[in-house]
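From first to last, the protein sequence lines are chains A and B. According to my numbering, the first sequence is numbered sequentially starting from 1. According to my numbering, the second sequence is numbered sequentially starting from 558.
No lab work stands behind these hints, which were simulated from the structure alone.
Derived lysine-lysine pairs resembling DSBU-like cross-links, with alpha carbons at most 35 Å apart:
hint	chain 1	residue 1	chain 2	residue 2
1	A	K386	B	K838
2	A	K188	B	K790
3	A	K233	B	K749
Negatives, chain B to chain A, calculated, CB over 12 Å:
hint	residue
4	W570
5	T610
6	T635
7	G707
8	E711
9	F764
10	G911
11	G952
12	E1011
13	T1035
Built from N, CA and C at the ideal position, the CB exists for glycine as well.
Number of protein chains: 2
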Amino acid sequence: MTIDRQSLRWNGWGPANQENPIPDGAPQWAWIRETLNMTVLPTTPAKPMADITMPPCHLGTDEISSFAAIVGENQVRTDDYERALHARGKSYHDLLYVRAGDLAVAPDAIVYPRSAKEVQAVLTLCTEKDIAVIPFGGGSSVVGGINAHGRSAEDKVITLDLTLMESILNIDRVSMTARIEAGIYGPKLEEKLQAQGLTLGHYPQSFQYSTLGGWVAARGAGQQSNRYGKAEKWLVSARLATPSGLWATEEAPASAAGPNLNQLVAGSEGTLGVICDVTIKIHEVPETKDYRGYLFKDFAAGVEVSRTINHADIPVAMVRLSDASETHFFQTFGASDSGGLKSKLQAAYLKWKGFATDPCLMLIGLEGDKATVKWAKERTSDICKKAGALSIGSGPGDKWYHGRFNSPHGRDPMMDRGIGIDTLETATRWSNIGTLHEKVTAAIQTALNENVGEPGQTGVVMAHVSHSYPDGASLYFTFVFPRNLSDEIGQWQKIKRAASDVLTANGGTITHHHGVGTDHAPWLAEEKGAMGITLLKALKAQLDPKGIMNPGKLLKL
Amino acid sequence: MTIDRQSLRWNGWGPANQENPIPDGAPQWAWIRETLNMTVLPTTPAKPMADITMPPCHLGTDEISSFAAIVGENQVRTDDYERALHARGKSYHDLLYVRAGDLAVAPDAIVYPRSAKEVQAVLTLCTEKDIAVIPFGGGSSVVGGINAHGRSAEDKVITLDLTLMESILNIDRVSMTARIEAGIYGPKLEEKLQAQGLTLGHYPQSFQYSTLGGWVAARGAGQQSNRYGKAEKWLVSARLATPSGLWATEEAPASAAGPNLNQLVAGSEGTLGVICDVTIKIHEVPETKDYRGYLFKDFAAGVEVSRTINHADIPVAMVRLSDASETHFFQTFGASDSGGLKSKLQAAYLKWKGFATDPCLMLIGLEGDKATVKWAKERTSDICKKAGALSIGSGPGDKWYHGRFNSPHGRDPMMDRGIGIDTLETATRWSNIGTLHEKVTAAIQTALNENVGEPGQTGVVMAHVSHSYPDGASLYFTFVFPRNLSDEIGQWQKIKRAASDVLTANGGTITHHHGVGTDHAPWLAEEKGAMGITLLKALKAQLDPKGIMNPGKLLKL
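Just chain A, same shape as in the assembly (with noise of 0.2 Å):
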């Protein structure tokens, strides 16, 4: 496979072997102290596999070998790693639960398959076997939505890891498609089609660590979504194993033949089957990029110069603005991490200072041909211009670019001093974007100060807004602070709690692009509504009878 599950952590981010990105005494773990206002970062490292006992497997040694006689005896794991690496996705939540060495929800056995068919024959036996199945790609969910919760707390688990089906199936160039399976991991896919200069320009910010399928089942965004689409937007048609059979969907580049059944494959989250392939839309790997920062001297200039920008129909692949609360993070938390530019960013920074007290970056990420690129650059600078923006150049553009990967590998260490985070995203209609961000910055930064572990902590939120769309645009939200040791799950339940309260009841949808999952389930009929919940609902009923399929996502047990 892509990558070899030992190399990867089963308990935080990216590779075993990651170095700290935030070593001992960098000049960061100063400032988040001070600025969290802890009199010191305690030390809660993570509890070492050694030291954890796993649940007992479930499964008997006839089904683990009837299992076996389908992907091959190599292809079943029960091992304490495997089951390890499976239990959970790498939401902040799930975090609490592996760190401390809860495993209970660690499937039974891992399932390798390497075809469509191998799925569906393992399908058709845990239909038989009435056994639960969580289809996993790069376990990178952020939501639950790969935990291997059965039906029940006796319930038999398998998790389908269908990293080994990682093939390109067929590259059309004339319409720009290609048929790939869902296994395979970004960069593999990337790799290939770049390899015939061919790209999807699919960059989520957990692009090294998650796959195809996953993309899809959970509804995703690129990072220039704008210009590449969210995965329903660049799905063509799939191929599903589900308990009833093979779902193949109808894949014209538009029609009239009733409804679009790809868009219940995107967001079906493996509640309704496993995605076996899927075709997608590609591109040419676009002659020339370029990424650049405009400052605005409040919020609400730079979100009415993004929403010109979409109106205008420029062709940008991202427009990326941070609140003031971001834009200082940026600057501060960002500039010691790359070394020789520290310096030109602060006196960049003392710069905007005296442009704004708390100025706000707006990153303009333009890609495609020479002349496109630079008809959208004149356009967008002229629109930023005319708002009263400061143009400074390219400098803070190429540093988001080239770390666009980075920041989740900052999470291990803060987990290991005392300090959480986690982040939240949403998107709303244009009216509608300066409330929500105020409301849910309140609701959040409320719900962190009443939670801290002492009285006097504090905790930090900031946002950006991004993915912008003709009728809105998303929002994205990080919150850092200090844990209450005493009661992690509690405070994060009652943050995670307060803003998702508020995202409902003020016109933002629960998630843009992280998808349901168990964390996001609750608020679903609020935003689907009862009837939408009873389409759902029927829809699973026909493909899994059984209930079988990725148990209590999307859909509340």
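Fit chain B to the given chain A structure using the hints.
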């Protein structure tokens, strides 16, 4: 209501007092007769209503009274004119029935609700009384989508005419969305929006006689869909009355909160419920428009340019490429219907003929702000010239634009003279456009020639490519033929079957924007797959357990 029912042709297109665009003695008649190799053009008038016996109304006075109690006495109609107008849509196939005086499928009554609440009450009553319901907007379906079939010949059937529901409920100028009642006709919708400087930009050929709800239900496309989007793209959310209750869909600009259920509404064709109001994406009225023509030496070169323009991210409203046959028809047939333009066009045509034996006309339409239109004009012009096309200026573009809703008006006079004319449309991937164009053209041509009324007669097939997407484009076929007056329905069925079989066997969708209705339903399973049909049936069973909603449409009975 917007359009007085009595002013509309119950057995043809448009207003009863429509001027005949091809009067007796017009030069087109000789050209058509010669082209189709007919010795004479027979006189084949439609049966006047006075000579037709309507089927009896199956509803009892108690049932009529129950409807009247909901919507008011004057909003329940059972007179012959209303029943005839609502019996069938406007396809060639439909006209064969209604012109012959066969109104066997006329609804028993027509009910005109004025609110979603009234619609819901009517559905509740119909569920209780087991009466079939046909949702009806403009009635312009060309696939049998609103024909008043019951579940059986004995079924009681009402048509729910929604054209009293035409209010704009809300406009959000920041998010550029509007919530509008579904029964509003195209012209009224644009009149109301444009009074505020806004537009939906959805202009199907049926624009004048079709409604917002119908566009969504049929997943329709406007001629400028490249800029404004097909219905499923500009649909933000919808509110439907269903036999199981009200269904309001989610409305985020983008979301990862499970499958997007709006994509089940688009294309539902009244089989799941009645679309009462929809929220749509709107635009500023474009500052400028530019429609101009280019000639290509062959069809393949034009297709390649259409693809290149799409993949280059150039903001176009329309790229429409006629094949050689349609280009020839456009010149010959269209020349005489606009007075002074005739000689100019003929001169142009001579020039074209020097350029190529069988030139293909491409019309490129641009809309937007002046700078964008200028940029797009330069880029498209460059691409066309590099491909060896001949620029022929804005004349053909303007001519097409001003006559873009006219051609359906020519059908009624042709029907009066023994001539049949029908259209069908599809979409396929770019790599398949050329092949599919050839195969469908050949299949229709063969079917036409094998099923003419008299030996030696022949039909004409022509096509254009429009509505382009990253992965493919639509193909629209028009065919003209001498009717076999002794078996008109059989003749049409053979032609339809030949074309549809070739479409589904060769990677074309059965319909790009006309919808499925009854006429395409036999081919839907081929396209959606058995599992897809099962899922659509499961959804219908949930929302419409008794199957009263628009029986036989989309899904076969």
